[in-house]
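Enquirer: One letter stands for each residue in the lines below.
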Amino acid sequence: MREELAYIERIDQYLDNAMSQDERQAFEQELSTNTELSNDVEFYKNLREGISRQAIKLDIKKAQYRFIKKAKTRARWRRYLLGGGSLLIMMIAVFVIAIPEDEMEGSLIYQLFGNHKVEKGGNAYTPSSEFFNIDPGADTTITTANGSKIHLPKGSLVLPGGRTPENPIEIEFAETVRPDDMLLADLATGNPGEALESKSIHFFNAKKDGRQLYPSEDIPPYIEIPIDEAIDPDVKLYSGQRDKGGNMSWNRPRLPDNFLTPIAFKYLDYYPPGFKDSVKAKLPYKGHQVASRAFVDSLYFTRRPLFPHVFISGINGTRKTTMINVDGPQSAHCGINPRSIQAMTQAKFERSLFATREFMERLDTIYATCDEEVLNIYLNNSDKQLWEIDEMAYNYQLKKENESKTDDLEAEEPVGTSNNSFQVIFASVNQDSTETAPEGEAPLDAYTAPKLSNAFKKFAAQKLTNVPNSHIYSTLMERDFAKDQKGFEREFEKVEKAYQKELRKQHKASDKVLNDYKKMVEKRVKTRMKSYGYKVKSMGWKNLAKLVETATPYTPPALRVSIQDFSKYDHVHTYFALTELKVIGKLNRLNDGSFQMNEHHVINLPRQNAEFIQLITIGFIGDEIYLNEQPYPTEASGTLEVPLEKMSEEAARALLNKFSGKEKSQNVLTDLDFQRQFYKDHLSRLKLQQDDRFLTSLNNMAFPCCQQALPSLNKDIHFPEFDMTSWTEMRVEEGIEVVHPDGSREYILKSKDPERFEFYLNKDN
Amino acid sequence: MDDQRIIEEILEGNNEGPLDTLYTYFPSIQHMVVTHGGDKEEAYDLFQDALMIFIEKVRTETFELTSSIKTYLYSICKYRLYDKNRKHKRLNYTENVPDVAHDDTSDDLNLLAEIEKKFEVVDQVLANLGEKCVEILKRFYHYRESMDHIATSLGYANVNTVKTQKYKCLERAKKMALGIIGVQRS
Numbered sequence: 002m003r004e005e006l007a008y009i010e011r012i013d014q015y016l017d018n019a020m021s022q023d024e025r026q027a028f029e030q031e032l033s034t035n036t037e038l039s040n041d042v043e044f045y046k047n048l049r050e051g052i053s054r055q056a057i058k059l060d061i062k063k064a065q066y067r068f069i070k071k072a073k074t075r076a077r078w079r080r081y082l083l084g085g086g087s088l089l090i091m092m093i094a095v096f097v098i099a100i101p102e103d104e105m106e107g108s109l110i111y112q113l114f115g116n117h118k119v120e121k122g123g124n125a126y127t128p129s130s131e132f133f134n135i136d137p138g139a140d141t142t143i144t145t146a147n148g149s150k151i152h153l154p155k156g157s158l159v160l161p162g163g164r165t166p167e168n169p170i171e172i173e174f175a176e177t178v179r180p181d182d183m184l185l186a187d188l189a190t191g192n193p194g195e196a197l198e199s200k201s202i203h204f205f206n207a208k209k210d211g212r213q214l215y216p217s218e219d220i221p222p223y224i225e226i227p228i229d230e231a232i233d234p235d236v237k238l239y240s241g242q243r244d245k246g247g248n249m250s251w252n253r254p255r256l257p258d259n260f261l262t263p264i265a266f267k268y269l270d271y272y273p274p275g276f277k278d279s280v281k282a283k284l285p286y287k288g289h290q291v292a293s294r295a296f297v298d299s300l301y302f303t304r305r306p307l308f309p310h311v312f313i314s315g316i317n318g319t320r321k322t323t324m325i326n327v328d329g330p331q332s333a334h335c336g337i338n339p340r341s342i343q344a345m346t347q348a349k350f351e352r353s354l355f356a357t358r359e360f361m362e363r364l365d366t367i368y369a370t371c372d373e374e375v376l377n378i379y380l381n382n383s384d385k386q387l388w389e390i391d392e393m394a395y396n397y398q399l400k401k402e403n404e405s406k407t408d409d410l411e412a413e414e415p416v417g418t419s420n421n422s423f424q425v426i427f428a429s430v431n432q433d434s435t436e437t438a439p440e441g442e443a444p445l446d447a448y449t450a451p452k453l454s455n456a457f458k459k460f461a462a463q464k465l466t467n468v469p470n471s472h473i474y475s476t477l478m479e480r481d482f483a484k485d486q487k488g489f490e491r492e493f494e495k496v497e498k499a500y501q502k503e504l505r506k507q508h509k510a511s512d513k514v515l516n517d518y519k520k521m522v523e524k525r526v527k528t529r530m531k532s533y534g535y536k537v538k539s540m541g542w543k544n545l546a547k548l549v550e551t552a553t554p555y556t557p558p559a560l561r562v563s564i565q566d567f568s569k570y571d572h573v574h575t576y577f578a579l580t581e582l583k584v585i586g587k588l589n590r591l592n593d594g595s596f597q598m599n600e601h602h603v604i605n606l607p608r609q610n611a612e613f614i615q616l617i618t619i620g621f622i623g624d625e626i627y628l629n630e631q632p633y634p635t636e637a638s639g640t641l642e643v644p645l646e647k648m649s650e651e652a653a654r655a656l657l658n659k660f661s662g663k664e665k666s667q668n669v670l671t672d673l674d675f676q677r678q679f680y681k682d683h684l685s686r687l688k689l690q691q692d693d694r695f696l697t698s699l700n701n702m703a704f705p706c707c708q709q710a711l712p713s714l715n716k717d718i719h720f721p722e723f724d725m726t727s728w729t730e731m732r733v734e735e736g737i738e739v740v741h742p743d744g745s746r747e748y749i750l751k752s753k754d755p756e757r758f759e760f761y762l763n764k765d766n
Numbered sequence: 554m555d556d557q558r559i560i561e562e563i564l565e566g567n568n569e570g571p572l573d574t575l576y577t578y579f580p581s582i583q584h585m586v587v588t589h590g591g592d593k594e595e596a597y598d599l600f601q602d603a604l605m606i607f608i609e610k611v612r613t614e615t616f617e618l619t620s621s622i623k624t625y626l627y628s629i630c631k632y633r634l635y636d637k638n639r640k641h642k643r644l645n646y647t648e649n650v651p652d653v654a655h656d657d658t659s660d661d662l663n664l665l666a667e668i669e670k671k672f673e674v675v676d677q678v679l680a681n682l683g684e685k686c687v688e689i690l691k692r693f694y695h696y697r698e699s700m701d702h703i704a705t706s707l708g709y710a711n712v713n714t715v716k717t718q719k720y721k722c723l724e725r726a727k728k729m730a731l732g733i734i735g736v737q738r739s
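One line per chain: the protein sequences are F and Z, in this order.
All you need for the working numbering is the position in the first sequence, starting with 1, plus 1.
All you need for the working numbering is the position in the second sequence, starting with 1, plus 553.
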């Protein structure tokens with residue numbers, strides 16, 4: 002084996018020119034005598050070259066792939082980059098249509114000229130034609146070698162008399178874009194006395210078995226010539242005619258039609274003004290790093306008017322609140338239904354009027370009207386020219402504004418919540434830093450608000466047309482839209498129900514923890530009461546004797562336990578433990594963050610046991626534990642500064658076990674487990690509240706005419722303090738906050754109005 | 554990237570940059586093909602062949618450019634299209650083929666055919682040798698990667714395993730070639 006390897010290596014060295022001169026000479030000597038070696042060298046040489054050839058071929062294929070990919074991207078940009086920017090590439094059409102223009106107008110004339118034939122003519126330099134066979138009974142788009150597009154809707158080419166010919170028909174197209182070609186072909190550049198700067202000269206014709214076809218009056222063919230330069234408003238379309246000598250003259254200039262260009266929905270911002278920016282500003286959110294179309298869609302399409310705030314279960318004091326929302330008929334005027342937009346932006350409408358920049362401009366105004374009817378005007382008339390639809394919207398909006406003006410004059414006060422103005426939309430940009438809701442920003446006075454009808458009037462004046470083949474999409478819209486929209490609505494209801502259910506489940510779980518803790522502390526305090534003769538009222542009872550004969554009740558001076566660097570910790574808890582008796586209690590938290598024994602704690606402490614009271618303080622930063630334990634200075638008053646030291650979980654557990662009783666309710670560790678759970682709940686509640694604020698702000702953009710106050714953030718932690726004198730008097734009051742259709746809120750307590758409480762609670766479910 | 558640089562890079566074995574530059578000439582060549590009786594797909598094939606001829610020429614080291622690379626590629630494509638059209642009699646070529654005098658590029662037209670013939674056997678061998686073998690040989694002979702590097706990137710235990718594997722591949726290739734030549738002779 003080794004020998005064979007060496008043999009190959011030697012050949013490699015020879016072929017690589019890596020031999021010394023002597024070696025080389027010897028090798029060549031051997032080559033001349035050893036046929037096998039010389040054959041092998043020849044073969045390996047070829048094999049090596051063959052391998053290289055293969056690698057080069059692959060390189061070329063890869064380069065071609067890159068080229069095609071780049072060309073596609075460029076073509077896409079060409080299509081999408083309309084309006085603005087330096088890379089302005091517009092479709093400018095200069096048509097050479099060799100059909101005399103009068104022949105194009107009116108089928109009567111077609112019949113008169115029935116025998117007339119359009120021919121390309123020209124000389125040897127005239128651009129050669131491309132021929133396409135197509136079915137005139139189907140919508141067809143032909144892309145020519147130069148990238149020009151010929152849109153031929155069904156029935157766009159007719160026989161003399163207006164009848165659609167049978168399948169197939171022949172399309173002829175020839176084009177020249179280079180000035181020198183134009184010259185050589187005798188096509189350029191103008192008539193005597195005038196010069197034309199041509200962007201494209203081309204020939205278009207259609208025949209059926211040699212018979213001349215004509216453009217239909219109703220649905221004419223549409224030709225798009227791509228030109229890599231800025232649009233020039235002075236470019237006109239000339240028709241060419243040859244005289245008997247074959248000379249071309251360019252006549253009857255007219256403006257090109259310039260259809261609107263549809264753009265893929267993913268490049269358009271069809272959300273209410275500010276919506277997408279707000280989502281972007283909130284990123285990263287729920288695991289999303291970018292405001293992708295799917296993500297922003299999912300946020301917008303799941304909005305509903307009078308968005309119900311999430312139920313934020315309260316250990317907030319003693320109140321537990323569920324907030325629910327009562328949907329009313331008024332909510333229809335809050336804004337455009339997101340599910341309508343969802344239906345409108347489906348892939349099947351991607352080439353329709355609704356997928357154009359021009360329509361997006363109108364959509365912003367439609368959002369501001371808060372009136373689904375205006376959107377419907379556009380959706381239901383998409384076969385018309387855009388300016389015609391603009392006019393319809395203008396008339397509708399104007400009528401509405403005039404009516405509401407009369408209403409206002411009759412009413413004592415100007416309109417309240419249902420104002421229509423742009424400003425409302427812009428006022429509702431989400432700001433997390435503001436704690437209070439923009440309630441103070443009163444709805445704008447109807448008299449000063451800019452009239453939306455004016456906006457539609459301006460749109461109409463732009464005299465914009467429609468996309469090619471708009472009739473196809475309007476038929477599709479008529480057939481599918483209502484059905485699709487209802488489908489999305491049902492889907493949304495399902496998703497939302499599931500979401501609410503999940504939320505309720507979470508809250509139930511955190512309620513359970515709270516109740517379990519409450520029960521445990523009750524037990525702890527009761528044990529303490531039983532053992533030490535706790536007096537609810539201090540007068541007249543003498544059952545202390547039952548516990549320790551010599552004991553006399555003792556009240557230590559008031560002492561505040563203050564934690565060093567208190568704000569450093571996520572949360573801090575302070576306990577006292579009677580070491581010999583293995584019972585514990587929890588110091589009460591004061592508003593300034595310090596802790597203190599409560600009356601009910603201290604009155605039970607037998608004097609001689611006072612020295613055996615241990616003070617235990619535990620702080621948490623994340624999962625890290627900081628601890629301090631020291632004898633409770635029973636005679637001291639004022640403030641006791643307690644420093645905390647980091648301790649491992651095991652060490653802390655061992656230490657705390659030493660002071661704790663076997664009974665769960667007397668175990669500091671059990672209590673701490675609850676506290677940690679409460680803190681976790683607090684964080685998730687805070688997260689929910691932040692989400693709630695964000696979603697409410699999005700809602701205010703989606704439904705500009707039903708502005709909701711942003712719910713306030715409650716950053717304070719409220720640990721339940723059950724271990725205090727008044728615990729017996731304390732109870733958690735269940736209530737429900739109802740948002741009525743008019744936006745007003747009502748608080749219903751279960752204890753005071755059980756029937757209505759149940760009614761709304763069930764309604765929510 | 555200018556023409557001189559393109560040639561230097563190809564000689565260095567770096568094809569990616571030069572090819573990207575050369576592909577910018579493609580649209581005008583495609584236009585020529587389409588306006589002279591070919592179709593778009595054909596234009597791609599012709600251009601690929603022209604690039605292959607060009608790179609082969611550059612690699613023979615005797616190559617001297619007498620025109621710009623663009624003109625060279627354009628001529629090659631044009632003549633090959635002319636040949637094709639004539640062979641397939643699909644067009645009356647007097648009308649459709651540009652009247653351009655023969656230049657030195659015409660000599661290179663046969664190069665591809667010659668090369669194809671020369672490498673007929675080797676190409677067949679490579680097509681049947683198996684991916685692993687071709688990968689090792691390509692890395693070793695064309696990209697000049699070290700045995701060490703090949704062992705690491707293809708997941709072989711050590712350099713010796715690759716060397717043995719390479720030897721086995723070459724042996725197998727030789728046997729296959731002898732087989733093919735044998736079949737051809739009989």
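If you are wondering where the hints come from, they were derived from the structure by calculation, not from laboratory data.
Hints should not be assumed to be uniformly reliable.
Unchecked claim - Between beta-carbon pairs, the in silico distance windows are: (1) Thr705(Z) - Ala72(F): 31 to 39 angstroms; (2) Tyr696(Z) - Ser130(F): 45 to 53 angstroms; (3) Gly708(Z) - Gly488(F): 25 to 33 angstroms; (4) Val291(F) - Gly708(Z): 33 to 41 angstroms; (5) Glu569(Z) - Glu389(F): 24 to 32 angstroms.
What the hints assert, rightly or not - Each computed PhoX-like pair below joins lysine-lysine, with the alpha-carbon atoms no more than 20 angstroms apart: (6) Lys63(F) - Lys691(Z); (7) Lys721(Z) - Lys58(F); (8) Lys349(F) - Lys400(F); (9) Lys640(Z) - Lys58(F); (10) Lys623(Z) - Lys46(F); (11) Lys671(Z) - Lys728(Z); (12) Lys721(Z) - Lys46(F); (13) Lys691(Z) - Lys46(F); (14) Lys150(F) - Lys671(Z); (15) Lys593(Z) - Lys46(F); (16) Lys721(Z) - Lys62(F); (17) Lys728(Z) - Lys58(F); (18) Lys498(F) - Lys452(F); (19) Lys513(F) - Lys665(F); (20) Lys506(F) - Lys688(F); (21) Lys73(F) - Lys610(Z); (22) Lys691(Z) - Lys62(F).
Idealized CB from N, CA, C, for every residue including glycine.
Enquirer: Does each hint hold? Answer for all of them.
Expert: Here is what the structure says about each hint:
no.	hint	result
1	Thr705(Z) - Ala72(F): 31 to 39 angstroms	37 angstroms, holds
2	Tyr696(Z) - Ser130(F): 45 to 53 angstroms	48 angstroms, holds
3	Gly708(Z) - Gly488(F): 25 to 33 angstroms	52 angstroms, violated
4	Val291(F) - Gly708(Z): 33 to 41 angstroms	36 angstroms, holds
5	Glu569(Z) - Glu389(F): 24 to 32 angstroms	54 angstroms, violated
6	Lys63(F) - Lys691(Z)	16 angstroms, holds
7	Lys721(Z) - Lys58(F)	25 angstroms, violated
8	Lys349(F) - Lys400(F)	34 angstroms, violated
9	Lys640(Z) - Lys58(F)	25 angstroms, violated
10	Lys623(Z) - Lys46(F)	31 angstroms, violated
11	Lys671(Z) - Lys728(Z)	18 angstroms, holds
12	Lys721(Z) - Lys46(F)	17 angstroms, holds
13	Lys691(Z) - Lys46(F)	13 angstroms, holds
14	Lys150(F) - Lys671(Z)	45 angstroms, violated
15	Lys593(Z) - Lys46(F)	37 angstroms, violated
16	Lys721(Z) - Lys62(F)	29 angstroms, violated
17	Lys728(Z) - Lys58(F)	25 angstroms, violated
18	Lys498(F) - Lys452(F)	39 angstroms, violated
19	Lys513(F) - Lys665(F)	17 angstroms, holds
20	Lys506(F) - Lys688(F)	17 angstroms, holds
21	Lys73(F) - Lys610(Z)	31 angstroms, violated
22	Lys691(Z) - Lys62(F)	17 angstroms, holds
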